[in-house]
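Top to bottom, those sequences are chains A and B.
Everything in the first sequence is counted per the numbering used here, starting at 8 for the first residue and increasing by one.
Everything in the second sequence is counted per the numbering used here, starting at 550 for the first residue and increasing by one.
Derived by calculation from the structure, the hints in this document are not laboratory data.
Built from N, CA and C at the ideal position, the CB exists for glycine as well.
Take these hints with a grain of salt, some might be off.
Stated by the list, open to error - To give an idea of the chain B side of the interface with chain A (calculated C-beta under 10 Å), a few residues:
# : residue
1 : W571
2 : T580
3 : F614
4 : S646
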Amino acid sequence: GIQVEQSPPDLILQEGANSTLRCNFSDSVNNLQWFHQNPWGQLINLFYIPSGTKQNGRLSATTVATERYSLLYISSSQTTDSGVYFCAVEPWDSGYALNFGKGTSLLVTP
Amino acid sequence: EAEVAQSPRYKITEKSQAVAFWCDPISGHATLYWYRQILGQGPELLVQFQDESVVDDSQLPKDRFSAERLKGVDSTLKIQPAELGDSAMYLCASRKSSYNEQFFGPGTRLTVL
């Protein structure tokens, strides 16, 4: 099956710092989503981005489908950004289920 | 804003007991998924429905797990009997159609003692 690798696995930032999270995938994908999982376990949709660039406030994402990677940018980080960030892809032949990476655990300190 | 609903939010049970989880997708979403997330890992698909039909249950441990979506709306996932290794977060998701994003419910955190 498709492999989804996220880096870094863990990240500690001071409030106000910027960061870039990376997602590499091993095969062509139909769709790609970024999620933030809060401490209560809720998966919050950040971006639906099979290709191109999108921005939402302090967050932005870029997917280069031809090179099989996606980047999530967090600017001016806040303590509420803490949690686990997941990249999930939908392979062409999956029947539309998402395959998740192992996540990047982010801690933003005051 | 419409959301995926799940209940219960937390469930503690003893091994060999039966448990059931309920999911109500966003209205109009034809596709419904059940995922399982073990601590420290990403969610993994258990079963996928298109309306009332099962599309993919290849990862569902059918000797103890069952899932149904009788009227193509809400869904129930059952485990009988529960085992210690079933302790995990069970997540339900839905989407309107292909080329749309999936939305997740708050999950049911299961602890098997």
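Hint check: is the beta carbon of F614 (chain B) less than 10 Å from a beta carbon of chain A?
Hint violated; F614 (chain B) Cβ to chain A Cβ min 16 Å, cut 10 Å.
Per the CB criterion, is W571 (chain B) less than 10 Å away from chain A?
violated (17 Å)
Let's test the interface hint: is any C-beta of chain A closer than 10 Å to that of T580 (chain B)?
holds (7 Å)
Does the nearest C-beta of chain A fall within a distance shorter than 10 Å of the C-beta of S646 (chain B)?
At 9 Å from the nearest chain A Cβ, S646 (chain B) passes the 10 Å test, so the hint holds.
When the structure is compared with the earlier hints, violations turn up for hints 1 and 3 and for no others.
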